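Using the sequences provided together with the hints, build the complete structure.
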Amino acid sequence: MELELKHEGYETEVHFNGRTGLEAALNEEWDAILLDLMLPELNGLEVCRRVRQVKNTPIIMMTARDSVIDRVSGLDHGADDYIVKPFAIEELLARLRALLRRIDIEGEHNAAKQTTVTYRDLTVEKENRVVRRGDDVIELTKREYELLLTLMENVNVVLARDVLLSKVWGYDSDVETNVVDVYIRYLRNKIDRSGEQSYIQTVRGMGYVMRS
Numbered sequence: 001m002e003l004e005l006k007h008e009g010y011e012t013e014v015h016f017n018g019r020t021g022l023e024a025a026l027n028e029e030w031d032a033i034l035l036d037l038m039l040p041e042l043n044g045l046e047v048c049r050r051v052r053q054v055k056n057t058p059i060i061m062m063t064a065r066d067s068v069i070d071r072v073s074g075l076d077h078g079a080d081d082y083i084v085k086p087f088a089i090e091e092l093l094a095r096l097r098a099l100l101r102r103i104d105i106e107g108e109h110n111a112a113k114q115t116t117v118t119y120r121d122l123t124v125e126k127e128n129r130v131v132r133r134g135d136d137v138i139e140l141t142k143r144e145y146e147l148l149l150t151l152m153e154n155v156n157v158v159l160a161r162d163v164l165l166s167k168v169w170g171y172d173s174d175v176e177t178n179v180v181d182v183y184i185r186y187l188r189n190k191i192d193r194s195g196e197q198s199y200i201q202t203v204r205g206m207g208y209v210m211r212s
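Just so you know, we're using the UniProt record's numbering here: the sequence shown kicks off at 1 and counts up by one.
Check before you lean on any hint, since a few could be wrong.
Result set (EDC-like, lysine to aspartate or glutamate): computed pairs, CA atoms no more than 20 Å apart in a straight line [as the list claims (entries may be wrong)]:
(1) Lys167 <-> Glu146
(2) Lys126 <-> Glu153
(3) Lys167 <-> Asp181
(4) Lys55 <-> Asp104
(5) Lys190 <-> Glu144
(6) Lys55 <-> Glu23
(7) Lys85 <-> Asp70
In case anyone wonders, no lab produced these hints; they're calculated from the structure. Treat the numbers as computed from the prediction; the structure is a model and nothing was measured.
As structure tokens, this is what we get:
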């Protein structure tokens, strides 16, 4: 399963007991968790319950138990989806894609409701399109503003150049992806301060990210 997930482009980390898996789930940021019900030291239901107490990370529970009671128990403990073994890897991948799409849509809706977005001492007031670092107002062009807002609304998510291009310039844009690099440089010149690490980090071969 791990090889299949990596082949599909997912970064993975595998734990074979519930206790270490729980530690990883709580101490790191994940797009999703695939959780086996039958785990040593701490079973999947308990791991799910503890994760859900503090995080909203999407969880797909995997188990050979297929009774209605087991499914309900898994969902009631906080799982977002439940898949019964044995299953085809294609079905798991499809469920994972669907779950991530749903989370993306919910995240976009929640972001749209926010009127102020903050990152460290950087603030964006969406209603009047004002950007501040501390008490200082930063003058940005329309594209610079939209690029910065996209990055700030996706903290800890590495955004590829083509993703940024589609979000900021539009899906039908014929602009080359290297224009993203140019505008990232413009933003850094305006929001960063001398001697400090840039707020916008480059992830070589992947894209850009603002890390918390």
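**Q.** Restraint status (C-alpha distance of Lys55 to Glu23 at most 20 Å)
**A.** holds, 12 Å
Q: Take a quick look at whether Lys167 and Asp181 sit within 20 Å of each other, Cα to Cα.
A: holds, 15 Å
Q. Can the restraint linking Lys85 and Asp70 be considered satisfied, given a maximum Cα separation of 20 Å?
A. Holds, at roughly 13 Å.
Q. Has the given pair, Lys190 with Glu144, been kept, meaning a C-alpha gap of at most 20 Å?
A. This hinted pair holds, its Cα atoms lying about 10 Å apart.
Q: Compare the distance between the alpha carbons of Lys167 and Glu146 with 20 Å, and conclude whether the hinted pair is satisfied.
A: The hint holds at about 8 Å.
Q. Holds or violated: are the alpha carbons of Lys55 and Asp104 at most 20 Å from each other?
A. Within the cut-off at roughly 16 Å; holds.
Q) Taking only the CA atoms, is the gap from Lys126 to Glu153 under or equal to 20 Å? A) Distance ~11 Å between Lys126 and Glu153 Cα, so the pair holds.
Of the numbered hints stated above, none is contradicted by the structure.
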